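K.L.:
If you're matching them up, the sequences are chains A and B in order.
Take any residue in the first sequence, count from 1 to its spot, add 1444: that is its number in this note's numbering.
Take any residue in the second sequence, count from 1 to its spot, add 1: that is its number in this note's numbering.
Derived from the structure by calculation, the hints contain no laboratory data.
Treat the hints with caution; some may be incorrect.
Calculated lysine-lysine pairs in the DSS-like style (CA-CA distance at most 25 Å, straight line) [said to hold, decoys possible]:
1) B:122 with B:31
2) B:85 with B:190
3) B:60 with A:1837
4) A:1765 with B:85
5) A:1649 with A:1606
6) A:1698 with A:1688
7) A:1698 with A:1541
8) A:1546 with A:1692
9) A:1546 with A:1685
10) A:1692 with A:1541
11) A:1837 with B:11
12) B:115 with A:1765
13) A:1837 with B:85
14) B:60 with B:85
15) B:60 with B:11
Remember, predicted model here, so these are calculated numbers, not experimental data.
Read off the chains here:
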Amino acid sequence: MRFYDLIFLALSTLIRYPLRTIMLLVATSIGVMAVILLTAVGEGARDYISGEFRDMGTNLIIVIPGKNETSGGGSPVDLAGVTPRDLTIEDAISLRKIDGVKNIAPIVIGETSAQFNGLERNVPIIGSTQSFLSVRKWEMETGMFLPGSTLERSPPVCVIGKEVEKELFGASNAIGQWLRLGDRRCRVTGIIGTEGRAVGIDVQKLVVVPVSLATALFNRPSLFRIAVEAENRLVGDQIIKDMKKILKKRHRGKEDFTVIRQDAVMASFDNIFNVLTMALGSIASISLFVAGILIMNVMLVAVSQRQSEIGLLKAIGAKNKQINQLFITEAILLSGSGAVLGLILGHSITQVLKISFPTFNFLPPMWASYVSLILALMSGVIFGLLPARRASKLEPVIALTGNK
Amino acid sequence: MIRIENLSRKFEVGNQIVRALDHIDLEITKGEYLSIMGVSGSGKSTLLNILGLLDTPTKGDYILSGINTSEMNDDEMAHIRSTKIGFVFQSFHLIPRLTAAENIEMPMVLAGIKPKDRQEKVEIALSHVSLNDRSDHKPEQLSGGQRQRVAIARSIVMEPDVLLADEPTGNLDSTSGIEIVRLIEDLNKAGLTLIVVTHDRKLGNRSDRLIRLLDGKIIDDDRK
Ligand SMILES: Nc1ncnc2c1ncn2[C@@H]1O[C@H](COP(=O)(O)OP(=O)(O)OP(=O)(O)O)[C@@H](O)[C@H]1O
Ligand SMILES: [Mg+2]
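Using the sequences and the hints given, assemble the complete structure.
P.N.:
The structure is reproduced here in structure tokens:
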């Protein structure tokens, strides 16, 4: 039997029983669609989370006060752990002498009231140095980022997010104006252009001040973190070693701080979300197998319904192999077109979701399409085998007289 | 051409044994026109099915063109059915979703013949049964007699040596019945060996040779 004859015959049966065909197409396409949608959610979640870190630059090493013993030197996620001895600006200064360090940005965070011209609002504050701009890879909309602010010097300057600018200054020019923060004053030197979040804070609502101004504001000398930018990835490990040595010495021989590499954190997040995506995909794949079993059941019924046809085909010279091929082809056509339908549906729905929820990125991974297509075809073949075998093994006489 | 020696076919239903064919000897020469008659349940269909390699005997030998069929495997039997044997059934057995032409084409499709060669042969077969104008009709759009003519066209399209017909007129009125009979008799005159199972005495009497079965045994073998 020729290939196109096989396809024609299989198609003619599928068309002959439209309800059955549609039912099986729907079952398979739902399976494939589920794989696409769930993996899109998984990938989207990964993208969302890692996006928080991605813009920070990959050559970043971060020192956090406190040691998470249970993590065994790995990357502690619990940043709110107790702080036996605080990190100080002096600690940050001591890291300067390490080779390969490009930038050091101490970070202090807090919240205070900001006032201008009788208007007042509560704002989140980040205290740091000029280096922070380069470390965070931020863009300025206008002005300069904390000019003259270093680890040793904290002139009374500040930069503000767009929303702060709008709310406190309105139409008037913010640059050069004196902003009151708590009981201090600072001159606005720039507006931050970047949108998004930094350490969980919406950048547009933020005011950034020199580090000592922040510690004075909050009356607390300790740093939230120290971010160190390495010149390149390769020196990272050496820098970490040196940092640990220096800080340990400064902290009376105790390693009461944690050093993590930004790229390591990102990699572990990546891993977690890859596993999540895979798990979601596997769960969805189960529905593909359910569809396969459905195909098998319906085909088994079809075999007994079509006994007399099978008998006739044998009487006019069909070999067992050909009967087998015919049923397998039907199963593959069903699962294959169901899969294609599911791919189209899955990707269309993803597009709709993207438009409806623009903040969350739905990203169906490429492999999900391939894998679900292959899985659907495989389940078609596997679950088509039994009915096809049963059909081909029918005795021609029994088949012919079985039903008319 | 066909030789049957000491052939039996038993069916076991529960603990009961039915001897559908009971030690039969039969020889059929090429080009012969043979009728098989007998009461219901006497084993006519069983004999015809065995002759057509749709069924296998439980005992004895069936030698077709010098080859003992008991030594054939499934594929070899399928090949013989495809090339040497044509079937016509009482209930036509057309595939309902295919047109008349496609039904006739089916044996050639299974044999892997090229579409171009198939088309030509379908045309010839259709003109044999005078249905050229009905080639695109589905079976449900044809009368019983026309359906049987399509079935006959299908049975001869591979140019077999033997045509086996199990009560080919059983589902037809007498006018279309006689049409069908004439059709297959013409094929016989052109050299095709014709074996017809029938209940119809008149039809049986038209053949060169008439055998009667009773309880799976040949009780009569008349040559004219
Ligand atoms: N598959 C089967 N299983 C069990 N018994 C069978 C089977 N096929 C035929 N028989 C039995 O074998 C005997 C002969 O059957 P067969 O069909 O050959 O009769 P027949 O002469 O063709 O009858 P009819 O004129 O009614 O068609 C019957 O008793 C029948 O019940
Ligand atoms: Mg019968």
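K.L.:
Evaluate each hint against the coordinates.
P.N.:
Here is what the structure says about each hint:
For the hint linking residue 122 (chain B) to residue 31 (chain B), the alpha-carbon distance of about 24 Å falls within 25 Å, and the restraint holds. Proximity of residue 85 (chain B) to residue 190 (chain B) is assessed by CA-CA distance (about 17 Å); at most 25 Å being required, the pair is judged to hold. In summary, the hint linking residue 60 (chain B) to residue 1837 (chain A) is supported, as the alpha carbons are separated by about 22 Å, within the 25 Å threshold. A hinted pair counts as satisfied when its Cα atoms are at most 25 Å apart, and residue 1765 (chain A) with residue 85 (chain B) qualifies at roughly 20 Å.
The suggested pairing of residue 1649 (chain A) with residue 1606 (chain A) holds, with an alpha-carbon distance near 7 Å, which does not exceed 25 Å. Only pairs whose Cα atoms come within 25 Å are accepted, and residue 1698 (chain A) paired with residue 1688 (chain A) is accepted, the gap being roughly 10 Å. Between residue 1698 (chain A) and residue 1541 (chain A) the CA atoms are separated by roughly 20 Å; this keeps the pair inside 25 Å, and the hint holds. A distance of roughly 21 Å separates the Cα atoms of residue 1546 (chain A) and residue 1692 (chain A); the hinted pair therefore holds under the 25 Å criterion.
Between residue 1546 (chain A) and residue 1685 (chain A) the CA atoms are separated by roughly 16 Å; this keeps the pair inside 25 Å, and the hint holds. Between residue 1692 (chain A) and residue 1541 (chain A), the direct Cα distance comes to roughly 15 Å. Compliance with the 25 Å bound is thereby established for this hinted pair. Our distance criterion of 25 Å between C-alpha atoms is met by residue 1837 (chain A) and residue 11 (chain B), whose separation comes to about 21 Å. Restraint check for residue 115 (chain B) and residue 1765 (chain A): satisfied, since their Cα atoms lie roughly 19 Å apart, inside the 25 Å limit.
For the given pair, residue 1837 (chain A) sits about 22 Å from residue 85 (chain B) by alpha-carbon distance, which is consistent with the 25 Å threshold. For the hint pairing residue 60 (chain B) with residue 85 (chain B), the CA-to-CA distance comes to about 23 Å; that is within 25 Å, so the pair holds. Taken as a hint, the residue 60 (chain B) and residue 11 (chain B) pair is honoured in the structure, with Cα atoms around 9 Å apart against an allowance of 25 Å.
Going through the hint list in order, the structure satisfies each hint without exception.
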